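Let's have the full structure, built from the sequences with the hints guiding it.
For the protein sequence lines, the chains are V and W, in the order given. Its first residue numbered 1, the first sequence is counted upward by one per residue in full-length UniProt numbering. Its first residue numbered 1, the second sequence is counted upward by one per residue in full-length UniProt numbering.
Mixed in with the good hints there might be a few duds.
[Claimed, not checked] Quick list of in silico lysine-lysine cross-link-like pairs, DSBU-like style, CA-CA up to 35 Å:
| id | chain 1 | residue 1 | chain 2 | residue 2 |
| --- | --- | --- | --- | --- |
| 1 | V | 182 | W | 435 |
| 2 | W | 133 | V | 138 |
| 3 | W | 226 | V | 155 |
| 4 | W | 140 | V | 33 |
| 5 | V | 156 | W | 435 |
| 6 | V | 369 | W | 435 |
| 7 | W | 435 | V | 33 |
| 8 | V | 58 | W | 233 |
| 9 | W | 696 | V | 286 |
| 10 | V | 286 | W | 671 |
| 11 | W | 140 | V | 150 |
[As the list claims (entries may be wrong)] Reference listing, derived: stretches of chain V covered by chain W, where coverage requires no fewer than 3 residues with Cβ under 8 Å from a Cβ of chain W:
| id | region |
| --- | --- |
| 12 | 50-63 |
| 13 | 144-155 |
| 14 | 249-261 |
[As the list claims (entries may be wrong)] Facing chain V, a subset of chain W residues (Cβ under 10 Å, in silico):
| id | residue |
| --- | --- |
| 15 | 426 |
| 16 | 431 |
| 17 | 434 |
| 18 | 449 |
| 19 | 495 |
| 20 | 705 |
To be clear, the hints were calculated from the coordinates, so they are not data collected in a lab. The structure presented is a predicted model; accordingly, all values stated were derived computationally and were not measured. Note that CB positions come from ideal geometry on N, CA and C, so glycine has one too.
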Amino acid sequence: MQVSTNNYYEECGREGQIRCIFLSEFHATAGCKISCQVPADYVSKEVFDAINVYIIPKPHLQRCILTVNAMDIKIVGYPVGIENQQKYARNAFLFNLCFVCDSWARSVQYEPVVKKLSEYLIMMEEESCFLSKEGDHKLKLQKIFETVIKDLNEKKVTTIVEGDTTIYLKIVIHKPDPPVVKDHMVPLLLKDFKNTPLDKWDLTTQQILPYINGINHIARISAEADVETNLVKSCVQNLAYYGVVHLLPILKYSNVYMCTQHLKSLIKIPSLSHACRKYVALNPDKTLPSIQKVFQFYASMTHGVTLRAICQRLCPQNYNIDERKLVIFGLQHKFIRCIHKYPVFTGSVPSGRQKMYTGLSSFDEICCKTGLSPSDIEKDIDKDTNVTVIWK
Amino acid sequence: MEVNPIALLLVYMDSKGDRLLFRYPYEHVYKEKTPVHTMSLAASAPVLNNPPLVDIVMTSSTTSLVSQISTETTKKRNPYAISSSDELLQTTPPPNAQPVNVFGACTSFCNAVPKGQLEGFTDEVLSTLFAVKQQLCNQKLELKVNDVRFVSHPTLIPRNELRTSIGNTSNTSNTSNNFLSLVTATSNTAVPGAQPNVAPTKPQPQQMLINIVFALHAQASYSIVKCYYELSKRLGLALRVEEQRVGYCTEETMLMARTHDELSSQQQPLERTFDAITERSTLAQALKSIYHDLCTTGLLNTTLNQYLTVSFCLPQKAHQLHKKGSMVEPEVIDRCLRALKPYHGMLLVDYAELLDCVPPRAARMLLQLVEIYTPLMSLQMLASEADMSIEHVYKMVSHLVYWGKATIIYPLCETNVYVIAPDAPLHTKSHLVEKFSARFAGMSLFDAISHFSLPTSIGHLTTPLQQSARQGMLAQMVVWMLQHHLLMQLHTYVQFMPSDSDDFYGGVSSMNVAGSSSSDGGNEHLHEGTNTISSMGVGVAGELMISTLSHSINASDDDLNAGSLLSCASQPLPVPHTSRSEDRYSGGCSTGSENIAVQPSSSHKSNYSMTASISTENCDSIASIEDEERIKELLSVFNETDRAAIRRIPASSNVDDLSLLVKLYQAGYFKSEHHLEEIMYFQSLRPAELLQLLDKFRDVLIIYETEDPAIASMYNNK
Numbered sequence: 001m002q003v004s005t006n007n008y009y010e011e012c013g014r015e016g017q018i019r020c021i022f023l024s025e026f027h028a029t030a031g032c033k034i035s036c037q038v039p040a041d042y043v044s045k046e047v048f049d050a051i052n053v054y055i056i057p058k059p060h061l062q063r064c065i066l067t068v069n070a071m072d073i074k075i076v077g078y079p080v081g082i083e084n085q086q087k088y089a090r091n092a093f094l095f096n097l098c099f100v101c102d103s104w105a106r107s108v109q110y111e112p113v114v115k116k117l118s119e120y121l122i123m124m125e126e127e128s129c130f131l132s133k134e135g136d137h138k139l140k141l142q143k144i145f146e147t148v149i150k151d152l153n154e155k156k157v158t159t160i161v162e163g164d165t166t167i168y169l170k171i172v173i174h175k176p177d178p179p180v181v182k183d184h185m186v187p188l189l190l191k192d193f194k195n196t197p198l199d200k201w202d203l204t205t206q207q208i209l210p211y212i213n214g215i216n217h218i219a220r221i222s223a224e225a226d227v228e229t230n231l232v233k234s235c236v237q238n239l240a241y242y243g244v245v246h247l248l249p250i251l252k253y254s255n256v257y258m259c260t261q262h263l264k265s266l267i268k269i270p271s272l273s274h275a276c277r278k279y280v281a282l283n284p285d286k287t288l289p290s291i292q293k294v295f296q297f298y299a300s301m302t303h304g305v306t307l308r309a310i311c312q313r314l315c316p317q318n319y320n321i322d323e324r325k326l327v328i329f330g331l332q333h334k335f336i337r338c339i340h341k342y343p344v345f346t347g348s349v350p351s352g353r354q355k356m357y358t359g360l361s362s363f364d365e366i367c368c369k370t371g372l373s374p375s376d377i378e379k380d381i382d383k384d385t386n387v388t389v390i391w392k
Numbered sequence: 001m002e003v004n005p006i007a008l009l010l011v012y013m014d015s016k017g018d019r020l021l022f023r024y025p026y027e028h029v030y031k032e033k034t035p036v037h038t039m040s041l042a043a044s045a046p047v048l049n050n051p052p053l054v055d056i057v058m059t060s061s062t063t064s065l066v067s068q069i070s071t072e073t074t075k076k077r078n079p080y081a082i083s084s085s086d087e088l089l090q091t092t093p094p095p096n097a098q099p100v101n102v103f104g105a106c107t108s109f110c111n112a113v114p115k116g117q118l119e120g121f122t123d124e125v126l127s128t129l130f131a132v133k134q135q136l137c138n139q140k141l142e143l144k145v146n147d148v149r150f151v152s153h154p155t156l157i158p159r160n161e162l163r164t165s166i167g168n169t170s171n172t173s174n175t176s177n178n179f180l181s182l183v184t185a186t187s188n189t190a191v192p193g194a195q196p197n198v199a200p201t202k203p204q205p206q207q208m209l210i211n212i213v214f215a216l217h218a219q220a221s222y223s224i225v226k227c228y229y230e231l232s233k234r235l236g237l238a239l240r241v242e243e244q245r246v247g248y249c250t251e252e253t254m255l256m257a258r259t260h261d262e263l264s265s266q267q268q269p270l271e272r273t274f275d276a277i278t279e280r281s282t283l284a285q286a287l288k289s290i291y292h293d294l295c296t297t298g299l300l301n302t303t304l305n306q307y308l309t310v311s312f313c314l315p316q317k318a319h320q321l322h323k324k325g326s327m328v329e330p331e332v333i334d335r336c337l338r339a340l341k342p343y344h345g346m347l348l349v350d351y352a353e354l355l356d357c358v359p360p361r362a363a364r365m366l367l368q369l370v371e372i373y374t375p376l377m378s379l380q381m382l383a384s385e386a387d388m389s390i391e392h393v394y395k396m397v398s399h400l401v402y403w404g405k406a407t408i409i410y411p412l413c414e415t416n417v418y419v420i421a422p423d424a425p426l427h428t429k430s431h432l433v434e435k436f437s438a439r440f441a442g443m444s445l446f447d448a449i450s451h452f453s454l455p456t457s458i459g460h461l462t463t464p465l466q467q468s469a470r471q472g473m474l475a476q477m478v479v480w481m482l483q484h485h486l487l488m489q490l491h492t493y494v495q496f497m498p499s500d501s502d503d504f505y506g507g508v509s510s511m512n513v514a515g516s517s518s519s520d521g522g523n524e525h526l527h528e529g530t531n532t533i534s535s536m537g538v539g540v541a542g543e544l545m546i547s548t549l550s551h552s553i554n555a556s557d558d559d560l561n562a563g564s565l566l567s568c569a570s571q572p573l574p575v576p577h578t579s580r581s582e583d584r585y586s587g588g589c590s591t592g593s594e595n596i597a598v599q600p601s602s603s604h605k606s607n608y609s610m611t612a613s614i615s616t617e618n619c620d621s622i623a624s625i626e627d628e629e630r631i632k633e634l635l636s637v638f639n640e641t642d643r644a645a646i647r648r649i650p651a652s653s654n655v656d657d658l659s660l661l662v663k664l665y666q667a668g669y670f671k672s673e674h675h676l677e678e679i680m681y682f683q684s685l686r687p688a689e690l691l692q693l694l695d696k697f698r699d700v701l702i703i704y705e706t707e708d709p710a711i712a713s714m715y716n717n718k
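See below:
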């Protein structure tokens with residue numbers, strides 16, 4: 001039975017460090033061998049012999065990024081062959097620069113780096129036989145490898161000067177695709193980026209950043225910053241990709257929220273509860289709001305109860321709680337989620353605005369698109385017997 | 001779709017060399033290829049239907065020879081799948097390479113093939129890549145070339161010696177299957193006994209390598225790759241068993257190799273060859289059906305050689321059926337199943353398709369389970385009805401869930417509260433709309449489901465006056481919506497959280513004063529209470545004692561009295577801190593008398609405690625003192641602050657109520673981890689009992705509704 005197998009799923013998709021870098025070449029007499037390895041003997045002879053087919057492959061697999069994961073080791077390589085009948089004993093010099101990772105680790109981020117470093121080595125080989133010449137070059141290469149492994153693991157970026165060549169390498173992390181940004185969404189700048197000086201951002205970001213406050217939605221930011229909406233959207237999407245902003249639903253007192261199973265972490269993780277109390281405080285100089293009150297506020301969020309109703313009942317201001325910040329913090333940490341309203345047209349032929357009631361766009365979205373206020377839409381829907389409203 | 005395989009390959013190797021025997025799909029790949037140029041050297045190619053003469057697994061010389069030949073065969077350098085920018089960087093091929101077609105295989109073909117197909121890899125390249133060295137056999141091999149990820153479990157299969165020779169003769173005479181299996185029966189008995197004895201002296205039995213390789217999109221997630229690896233491993237194992245039983249592999253590989261040779265000598269295109277192989281070979285047919293099943297349902301139930309059934313489920317694919325576009329990771333299913341509790345129930349998704357997924361031998365028990373199943377039953381009930389252990393039921397339910405045939409629910413009942421799932425695909429274009437109207441004639445999905453925009457139970461939607469038919473209909477709709485993950489059940493969770501005392505008394509500083517002023521009462525709480533909040537609650541009591549009852553209180557037995565006093569004195573919740581102590585006292589009295597009317601059990605205690613504190617000099621009944629002792633003991637599990645808060649609640653002076661509270665608290669049920677149904681199940685409580693308790697202690701408990709994480713994990717929550 002698949003489900004009961006332990007360790008069946010290794011650490012799925014986690015990124016790992018570079019464990020080793022080696023250069024393998026096809027020696028005229030000795031065949032495939034590792035000519036330089038840092039740290040030494042990380043890849044044993046037995047392992048190398050078993051997989052050398054994939055390290056020095058047939059010519060048609062040259063200049064492909066080739067990753068082999070076998071025998072508990074993952075090797076990312078870029079096999080290369082340089083043809084030169086005069087220079088080389090076998091008319092060609094075959095080599096492969098490889099990065100070695102743990103077999104469970106994600107390695108796709110190293111692929112461009114391996115390729116780029118290989119291209120540098122090709123250049124150096126073609127210019128000065130850096131790789132094929134016997135002598136102290138191996139020591140230099142070892143130095144390069146040592147620097148690369150250290151810098152990339154620590155800083156993800158490195159610059160090495162070797163003779164006339166300067167090598168620039170950088171690891172670019174692949175992230176999942178960012179969400180589609182729509183007019184009614186509200187970007188929230190995350191705390192870590194609050195103190196970044198404005199002039200460090202690109203021009204569009206510089207222009208819209210002052211309006212990103214967790215309250216303004218895209219359409220509004222666009223209007224206030226006087227930047228075209230699509231430009232704002234792609235800028236925010238870019239920021240979302242790099243984890244600089246978080247996209248939240250628009251905050252209205254008529255909104256309905258519901259607490260999720262993650263709410264318990266507010267109690268369980270003391271650092272989180274402290275951060276929450278600090279964040280939601282109306283006046284930071286007064287005593288911080290108690291965690292009990294904050295929790296109670298979140299816990300009273302449920303279907304059918306608007307934010308306004310909760311505020312009237314619990315009077316958050318009396319306890320130094322800013323309910324807007326409370327909602328933002330809750331959404332951001334997934335303690336609560338917004339229950340959206342979706343009008344669905346159930347009649348046969350939709351006309352006019354009914355065409356928007358597909359069940360795919362929420363009230364907020366429709367309001368933003370039509371420029372009407374929620375109450376107008378509400379009236380419109382109430383009159384129409386062919387429209388059903390779904391909350392989810 | 002990154003879940004679907006791009007292609008499936010069968011690579012074979014023995015001492016004679018390696019060969020790609022079969023690949024699927026092949027139609028598209030070869031449709032637009034350039035005409036095959038064959039210098040037919042097929043005669044010189046290794047002919048596999050002779051029994052091999054050399055008893056080695058493989059020698060480096062043979063492989064290198066073979067690979068060298070195959071290297072030269074490729075004249076045209078090939079653009080690799082999906083990427084085109086890299087072409088510019090590719091080196092020119094060896095200029096002196098001759099187009100020698102050893103295996104009669106197509107060596108070069110155009111890249112004008114539809115996207116998503118495996119392209120740019122000649123059969124020779126694939127064959128040399130996957131005819132792996134012995135050290136790599138019987139373990140995972142993952143190879144990524146540009147945008148294609150190959151995953152496989154190369155399997156070494158010892159040749160069935162007796163079968164090999166018989167297979168050769170029988171192949172020529174085309175013996176029927178019946179005959180073969182007769183022979184096997186004898187050979188099987190002979191082999192296992194003989195082998196270990198002779199092994200040291202005799203050379204090892206010949207082995208062949210069978211590698212079933214899946215080519216996947218490189219973006220496919222780790223879990224998908226793992227599942228395909230598992231499938232490759234399983235197929236390898238099955239082939240190994242079949243080889244040992246009847247020499248199936250030997251037979252099939254020979255058949256395929258012969259077909260290759262035969263058709264290439266006739267200069268037929270490779271596509272024809274694969275067609276012929278698919279016609280002749282049952283293994284090729286099986287692989288073909290495996291590929292198709294993977295692409296359509298993700299569920300496999302293939303029988304190899306009409307004997308061995310390989311069943312497999314690709315959960316990422318199988319769980320898409322009821323909700324398109326969603327992808328359920330096996331990890332998530334695993335997490336859900338680890339959280340299975342006896343009170344959970346099972347809901348079969350599609351009864352008709354159920355038995356697809358059942359391997360024949362397990363069918364009896366599963367049928368037994370399914371026969372008695374209803375969505376109203378908990379797993380515990382299922383187990384006792386079916387007379388099985390709960391572990392067995394868990395296993396079978398896990399199996400059904402993994403295969404996408406069932407989901408986990410809380411057993412259906414009138415009081416279950418449902419709400420529309422946040423990711424429910426409810427829109428006018430959804431295929432579910434029609435499916436729903438087909439199932440429930442004349443009903444609209446949106447009308448039916450809009451009742452659940454607010455959390456609602458079946459009980460709420462029906463009244464006893466309505467016919468039971470309507471209720472039944474409603475239940476069936478709920479079942480349908482649960483099956484399609486449109487509804488989600490909400491549960492009530494409890495978090496123990498005494499509210500701050502300043503809710504009652506506002507300012508902190510004034511209470512401190514009150515506390516210190518009363519400290520001469522000798523109250524132990526006050527002495528210990530270094531933190532302000534703890535002293536606040538007790539402080540009230542202290543003040544009260546001083547102002548009204550201090551004359552009757554003996555400093556030595558204060559603890560007991562303070563306790564009983566606290567319970568009534570802290571009663572009046574809305575009393576502002578500015579009010580006089582007389583008000584408090586009267587408030588306490590009135591609540592006490594209310595208690596008499598409302599809750600007889602607890603009122604007795606609070607009533608008693610008042611009289612006890614007033615007339616301490618009189619010797620009270622031993623039972624009551626014991627009660628007080630017990631309450632004190634029970635309260636000792638809480639820390640200072642919490643104790644004070646609990647003491648303020650009248651029900652805390654009732655030993656029964658308090659002990660139940662303490663019991664549940666100590667068992668960790670008030671940490672938002674367990675919903676009410678779970679608490680009731682594990683503590684054997686009646687709903688009324690638990691709800692009453694929660695109501696009595698509502699001041700220190702926060703109650704909220706949310707989804708059961710175990711079940712909700714199967715929904716695509718964002």
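Hint check:
1. 182(V) <-> 435(W): holds (31 Å)
2. 133(W) <-> 138(V): holds (30 Å)
3. 226(W) <-> 155(V): Satisfied, since the Cα-Cα distance of roughly 31 Å is no more than 35 Å.
4. 140(W) <-> 33(V): holds (24 Å)
5. 156(V) <-> 435(W): violated (52 Å)
6. 369(V) <-> 435(W): Distance of about 31 Å is within 35 Å: holds.
7. 435(W) <-> 33(V): With a Cα-Cα distance of about 63 Å, the restraint between residue 435(W) and residue 33(V) is violated, given a limit of 35 Å.
8. 58(V) <-> 233(W): Roughly 27 Å between the alpha carbons, so the hint for residue 58(V) and residue 233(W) holds.
9. 696(W) <-> 286(V): holds (33 Å)
10. 286(V) <-> 671(W): With a Cα-Cα distance of about 29 Å, the restraint between residue 286(V) and residue 671(W) holds, given a limit of 35 Å.
11. 140(W) <-> 150(V): holds (30 Å)
12. 50-63: holds (count 11)
13. 144-155: Our answer is that it is violated, as 0 residues pass the Cβ test (under 8 Å) against chain W, missing three.
14. 249-261: With 4 residues close enough to chain W, the hint holds.
15. 426: holds (5 Å)
16. 431: At 13 Å from the nearest chain V Cβ, residue 431(W) fails the 10 Å test, so the hint is violated.
17. 434: Residue 434(W) check fails; min Cβ-Cβ to chain V is 13 Å, beyond 10 Å.
18. 449: Nearest chain V Cβ about 7 Å off; hint holds.
19. 495: This hint holds: residue 495(W) lies near chain V, its Cβ roughly 6 Å from the closest one there, short of 10 Å.
20. 705: holds (6 Å)
Comparing the model with each numbered hint stated earlier shows that hints 5, 7, 13, 16, 17 do not hold.
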